[in-house]
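**Q** Heads up, the sequence shown is in the numbering used here, so the first residue is 10 and it goes up one at a time.
Honestly, the hints are just simulated from the structure, not real lab data.
All figures in this text were calculated on a predicted structure; none of them were measured in a lab.
One or more of the hints may lead you astray.
Said to hold, decoys possible - Have a look at the derived ranges for each label pair, beta carbon to beta carbon:
id: 1; residue 1: 378; residue 2: 63; range: 53 to 63 Å
id: 2; residue 1: 22; residue 2: 404; range: 29 to 39 Å
id: 3; residue 1: 65; residue 2: 272; range: 45 to 55 Å
id: 4; residue 1: 318; residue 2: 451; range: 13 to 23 Å
id: 5; residue 1: 26; residue 2: 378; range: 27 to 37 Å
id: 6; residue 1: 184; residue 2: 272; range: 18 to 28 Å
id: 7; residue 1: 56; residue 2: 110; range: 24 to 34 Å
C-beta atoms are modelled at their ideal positions from N, C-alpha and C, and glycine is treated no differently.
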Amino acid sequence: MVTKDTIVAIATPNGESALAILRLSGPMCREICRSAFRRVSDSKPRFSYHGSYLSIEGDTLDDVIYCFYEGPRSFTGEDTLEIVCHGNPLIASNVLKDLVRRGCRQSDPGEFSRQAFLNGRMDLTQAEAIMELIQARSDKAIKAANNQLRGAFGRQLYTFKERLLATIASIEAYIDFPEEDLPPEQKESHLAGIRELKTYCSRLIDSSQYAAFLRDGVKTLILGKPNTGKSSLLNLLLGFERAIVSEEPGTTRDFLRERIILGPHSIQLLDTAGLREAEGDIEKEGIRRTIELVEEADIFLLVEDCSLPSPHLPDAIVNRLSATNCIVIRNKIDLGLNEDPKNSIDPFRIIGLSATRGDGLEDLKTSLVELIDSNYALVDDDLILVNSRHSAALDEIRSCLAAAVDKFESDEAIELIASDLRGALEAIGMILGKIDNEAMLDVLFSTFCIGK
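Based on the sequences and whatever the hints tell you, model everything.
**A** Structure representation (structure tokens):
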């Protein structure tokens, strides 16, 4: 066991609800089952029971359902106990206080997951997947987090690790016999294997952008000249009045950020200040921020007034737009099209829309999903939520493997090649949490919820 403390936390969100759940983990759980619940018989592990929770003085605090899990067959690998009481925050708080008086300690954020990791119930990628699952904003993100929680990423890395170990063992066998050279066919086999692992690393690193889309939403920037209907479009997509709509140009002086779900995708919508020669410092700052956001955005919705010719836009914006990342929205179709619109953006897909009536909305939604699919689609089975910590380690792995390939091709000493491969092995251990790094674990688990 990693700890002798028994930790406790309320695992459900604050506020009134039908039920509240308290979670405990540690050696006191079995004794609390005997002393805190009024029941005729002993509680069997993994069975749910109804009973009264008795305070340390013997007063009834609530009628509860409780379930005892015997370690190591539990989430944390220790004896654990879950108590379900009524969802009045005062009741849950009273039960929590009583458990602390009995000798339990209130848990730190993520401490249950940390215990599960330290007790070998999951690797670090699975522990991280718990928070990914809690914070997922789309069906695809949920599926990816579940894949990772079930160990998909970890299994790939363990296979990677075994192949590296086999390669290291094979080439290190020749270190003790310097008079013998590595046979050419064996050298080619090792080179091919290392290159394959390097390609796998590159694919994972490339997928980190898609993981960011799943995690944060595809950043979709609504931009255009003033009074083209950008804020009306935001409200239309959201289904409620979020932005102030006015005929006065320059109403939106800063950007607004909201999220929607379209099909399988989480989309982060950003409504920006209208692009024009600013008339004040506040509006000027809003336009400056719009141009900054252009560099960060993934998808662009360029809104135009269909009764007017297509406007001239700053080069910093035009250079970022392409047929693969931009939809041009010719708004105000209810007012009638200009007979000869000067449309300098023919390669782009163009949608006619009335942001006030909703005409063309379904076409826009369909086009937006298609555009995201064509740019950022991955096969569901390949979904892995590569985060910044993983990416840094994968970069190190790829660098070590590239160095090993160079040394192989230059016929450098086997010891140097083995050293590079061991560097890659250590970086895999960092991803899986198989290398002792207390400070890194403190930072990682501190971002988790209380009770997780």
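**Q** It remains to establish, for every hint, whether it holds in the given structure.
**A** Going down the list of hints, with the structure as the test:
no., hint, result
1, 378 - 63: 53 to 63 Å, "holds (56 Å)"
2, 22 - 404: 29 to 39 Å, "holds (37 Å)"
3, 65 - 272: 45 to 55 Å, "holds (54 Å)"
4, 318 - 451: 13 to 23 Å, "violated (59 Å)"
5, 26 - 378: 27 to 37 Å, "holds (35 Å)"
6, 184 - 272: 18 to 28 Å, "violated (55 Å)"
7, 56 - 110: 24 to 34 Å, "holds (27 Å)"
Checked against the numbered hints given earlier, the structure breaks hints 4, 6 and satisfies all the rest.
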